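Asker: Sequence:
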Amino acid sequence: MDGANHSVVSEFVFLGLTNSWEIQLILFVFTSTFYVASMMGNSLILLTVTSDPHLHSPMYFLLANLSFIDLGAASVASPKMVYDLFRKRKVISFSGCITQTFFIHVIGGVEGVVLLAMAFDRYVAICKPLHYLTIMSPRMCISFLVAAWMTGLIHSTVQLAFVVNLPFCGPNVLDSFYCDLPRLLKLACTDTYQLESMVMANSGFISVGFFFIVIISYIVIILTVQKHSSAGSSKALSTLSAHITVVVLAFGPFIFFYTYPSPSISLDKFLAIFDSVLTPFLNPVIYTFKNQEMKVAMKRVCRQLVSYRKIS
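For reference, each letter of the sequence shown is one residue, going 0 to 311 in numbering that gives the first Met the number 0.
Calculated from the structure, these hints are not laboratory results.
Treat the hints with caution; some may be incorrect.
To be verified - Below, a list of computed lysine-lysine pairs in the PhoX-like style, where the Cα atoms sit at most 20 Å apart: (1) K268 / K79; (2) K226 / K87; (3) K89 / K79; (4) K89 / K268; (5) K268 / K185; (6) K226 / K127.
A quick note: this is a predicted structure, and the numbers were derived from the prediction, not measured.
Using the sequences provided together with the hints, build the complete structure.
Answerer: Quick look at the structure:
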């Protein structure tokens, strides 16, 4: 039981997703394709918002930060999963497991606050348009960003502070393809019922709380939009539908993970793949598909990149 974490377990073994070679091949193609697509899509949004002066507004500032977070979300578990697909022994070191868990919860906390900030931005833009630039000032945007990262870091650090010193003496097998707190706590060689309850309550409360706050804010916006002209209402509702879709995709899996008492392994893995592979890809697609200004700016940036390559 020596060591900083009083543990004799130096690594954890993943059971992975499946033992079928055919399904592994499908998952390899599926995951690799969507990982590359999500990295390219979110990178393009970051490049477009940064380089195009027409997009230097609070809404696109927050969207760029969401894309930055999605780059991290796509990279926390997906590359390791792809790497492990055809390996007989899928292992991760103890420190690697803790690090992966840390970043999963940091990203989750940051994304929640950023989505809340985006809902507030749309509320101000639609309900208080004359005061929009005053309320959504650069200082307010930076404050939202600082609050997001502080929330994510504190949320993740507080939970892992209790986990790193738990005794892990075996077994060390995780029926998953990534490290997460609920399954990790079950492997500790001590009673962790209270700690599991704290983790579930903490993460569950944050997920459900953020979700309902954002949804309520959008309901208020929709009720306000209905009083406006039909043309303005149509455009606003189109934008809001994209935001609401992203909110459901972001919070849905987390709410299930931390509020459902005993999920089935297969459903748990499916939602984990959806959250780590598909959601970071769908976010840029959803936002750009219904945003004409963003699509025009992206085409402009792509033409500039092509012209630059021809010159060089």
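Asker: Determine for every hint whether it applies to the structure shown.
Answerer: Hint check:
1. K268 / K79: 15 Å, holds
2. K226 / K87: Not satisfied, since the Cα-Cα distance of roughly 61 Å exceeds 20 Å.
3. K89 / K79: 9 Å, holds
4. K89 / K268: 16 Å, holds
5. K268 / K185: 17 Å, holds
6. K226 / K127: The hint holds at about 13 Å.
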